[in-house]
Structure formats: structure tokens, C-alpha cells
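Novice: Now for the letters of each chain:
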Amino acid sequence: MYGNSQFDGNAAFSGGGFMPSQATQNADPAFSPAKSREAQALLPLTVKQISEAFQASDDKANFLIDGVDVNNVKLLGMLYEKTERVTDVSFVLDDGTGRIDCHRWVNEAVDTKEMELLLNGMYVKVHGHLKGFQGKKQLMVYSVRPVTDYDEVANHFADCIYVHCYNTRLRKSQDAHQVPGHMQNSTFNTPSKGYQSTPSNNVSVQYNTDEVKGIERKILDFLQQPSCIAKEKGVHRDEFVQYLNVPENKILEAIESLESEGLIYSTIDEFHFKSTANG
Amino acid sequence: MDTSNPAVLVNAELLRMHVGRRVRTVIQVLKSDGGGSVVGRSTDEQQLIIKGYPSAPLSTFVEVIGIADSNQSIQADSWTNFGDNFEMGCYNKVCQLANGDFKHLFI
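As they're listed, the protein sequences go chains P and Z. Residue numbers are given in our numbering: position 105 of the first sequence equals residue 105, and the series is strictly consecutive. Residue numbers are given in our numbering: position 104 of the second sequence equals residue 104, and the series is strictly consecutive.
None of these hints come from the bench; they were simulated from the model. These numbers were taken from a predicted model, which means no experiment stands behind them. For every residue, glycine included, the Cβ atom is placed at its ideal position computed from N, Cα and C. Take the hints with a grain of salt, since some may be wrong.
[To be verified] Beta-carbon label-pair distances, calculated as ranges: (1) Z:Ser4 with P:Asn72: 25 to 31 Å; (2) Z:Val39 with P:Thr83: 37 to 43 Å; (3) P:Lys113 with Z:Gly35: 39 to 45 Å.
[Stated by the list, open to error] Over the 12 Å line for every Cβ pair with chain Z, so calculated as not near, a few chain P residues: (4) Val147; (5) Leu170; (6) Ile268.
[What the hints assert, rightly or not] Covered stretches of chain Z (chain P as the covering partner; in silico rule of three or more C-beta atoms under 8 Å from a C-beta of chain P): (7) 6–18; (8) 78–84; (9) 96–104.
From just these sequences and the hints, can you work out the full model?
Specialist: Here it is in C-alpha cells:
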């Protein structure tokens, strides 16, 4: 699962890292594409949103917010209760929506320096990993920086709102996409109608196959009708042309394909056909 | 993790809905007489009185956090200098969203 996300450049290049790659929609719709790609995404959040996150499952330590896996988070707020210990520094982050405990491990001089500059009451940006510990949610912080341009405050909250909107809307559209694979093919190929003149053979072949499939389906459905099953001699192919209102060459293609699949067979002559299913 | 004492993002318009509660807002300082009250312009261009004693000289824009004690004033216990360049319009818009459609993300 994690191997996949390594060579998916789309996640890295498409706007901020929290947007799932559009190409993943071709994948099995039952399996959320969010699993591996968004495990690495950075979510801007408010403490209130974090307090409402719930655990995805007991064995995984991951949380879910708006249906998205929460791992790396970004918060902005005031730093309080800074406590320096030997290997770590802990503090409380208050962003006006709530307070959350934060821990920053200090292994190197760089880390200690970073933390020394921070004073209680200062506005800071933190990046960290959300962890649950003894029922409480905490932040394992790997970066704390003082805010210098205070427009960042409004920007961060706007960011939280935007990502929330995006994720909730994405979930709504994913639910709507729970249709069988056959349907998905046709929705993706209708735009290619305009692409008939492209040199790419793949596109035109796919387009044709799909159209033929549609006609084949219609022929089969037509032949499955009781009135057609009753006809011993089968249905003349001109009837298909008339009934389906489709050019004869397309009908011929469809008939050929259906015959080779063994779904229809010719009866008294090469123009009459019956369905193998009930005929 | 504690969400029991949030400070609601407000502008002058929204302040009246949260009288008696903990609020925060940004004002542009108009008059600061050091006598326990500061007159400022809110992000939606209305006048607000902020009561309290700032611990340091104020910059042009200041964020105050405290209890709203009337439609037009706040009893502030926290003053943060937001510098001399600040986008009031953006902050105002965020206040409106935070109290409107996206209230559940904040309070």
C-alpha cells in the first residue's frame, strides 16, 4: 500500500498535497483512493476539528476527519505553558477554538534553538503528527515557527475552511460514484466523442468498442424479448437496423461480435439471428 | 485537549451576538489614551471600545481577546500587536464564515 504512493507524482504536484489524484478514480471504486495517497497529506486544522476526530480502527492509530485519514496536521495559535525538559519540550497550543497538548522532541541543537526562541503568548505555526494517548489527543510536533506576518492567522482559518469543504464535497461525489464499472467506462468515454480525429489509436478503439458494446447490448435485449424468442426463424438483421435506428455497418459489427462470443446464432440463413440464451 | 473556553472570532456586527462570551477580534487603533480604554475601528468599519491595560505599546493593528461586555465594547485580557500592515477585509470575511456556515469548525 505504501509502495504505491512512492511513485505517484500526482499527489505531490497537484496543489498542496491534500488533493487526491484525479487518475485514481479508475481504480476499484469500493476501495477509497484516500488510503495511501492522503496518508501523507498535510491538513490544516483547528483544535475544535481535532477534538471531533474519531479513531478509524483500534489497531491503527489513525484518526479520521471529514472522512480523510489524519496524519500530518498544521495548526496556528498561541503558545502557552511552555515546559522545557531534557529530551523534549511540551506546550499547549490555543488557537481560539480550543487547547491541545503538544510535544516536541529535542534531539539536536537546532531543535533546542528553535524552541528557545518561543515565549508564552506568542503566535506560532506548528506542524505535527496527531496521536492518541490514554484517550487524549496530542500533537507530536516536528516544527514550530513564530508567526511574523499576522495575515497568516486569517489565512490559516480560511485554509481550514477550504480543505474541510473540499474533503466533504469529495466524499459526497465518491458516494455518487459507487456504480458498476461498465457505467464508469461510458461516462469517461463520452467526452472523447470530440476526439475522433486524434492520432491516438487507443482512444478511438475504446470509443468504438464502447459504442459497439452499447449496440450489442441493445440487440441482445431485443432478442431476449418474448416476441423474438417465439419466432422460430429468428429476427432478420434489417429489423435490428429499423428497431435500433442505427446504421447497418454498425449493426453488422455488433452481430459479428455477438456471434463470436456465442451470444447469438444464425438460423435459416445468414441474415436471421436468435439469442442463444433463451432461444 | 480542551475546547471548553473558545474565543469566538468576531467583528463589530457579530459582537452583539456574543455579549457576555469570550471573543477575539482585530482592531485598528484610533485612540489609545493609556487610561484603561482604547478606541479602535473594527474589521467591518465600526467603532469599538476596548477596555483594559495593554502590556506594551500598541502597533496600528491589534488583536484583542476578552469578554464582550456590550454591543460595542470588549473587556480585554490579551493584547497582541499585529503590526502595521494587515488585511482587515480578509479577516472580516473569515469572521463571517466562522460564525456562519462553518461555525462547527470553530465553536
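Novice: A separate judgement is required for each hint: does it hold in the structure or not?
Specialist: Structure-based check of all given hints:
At roughly 26 Å, the beta-carbon separation of Ser4 (chain Z) and Asn72 (chain P) lies within the given 25 to 31 Å, and the hint holds. Evaluation of the 37 to 43 Å hint for Val39 (chain Z) and Thr83 (chain P) yields a pass: the beta carbon distance comes to about 38 Å. Lys113 (chain P) and Gly35 (chain Z) have their C-beta atoms about 41 Å apart, which keeps the hinted 39 to 45 Å range intact. For Val147 (chain P), the requirement that its beta carbon stay farther than 12 Å from each beta carbon of chain Z is not met, with the minimum near 10 Å.
Distance check on Leu170 (chain P): its Cβ is at least 17 Å (rounded) from any Cβ of chain Z, clearing the 12 Å threshold; non-interface status holds. For Ile268 (chain P), the condition that its CB be more than 12 Å from all CB atoms of chain Z holds, with the nearest at approximately 69 Å. Three residues within the 8 Å Cβ limit are the bar, and the stretch 6–18 of chain Z against chain P gives 4, so the coverage statement holds. Only when three residues or more bring their CB closer than 8 Å to a CB of chain P does the claim for the stretch 78–84 of chain Z stand; here the count is 4, and the claim holds.
Closer than 8 Å: that is the beta-carbon criterion, and the stretch 96–104 of chain Z has 4 residues meeting it against chain P, so the requirement of 3 holds.
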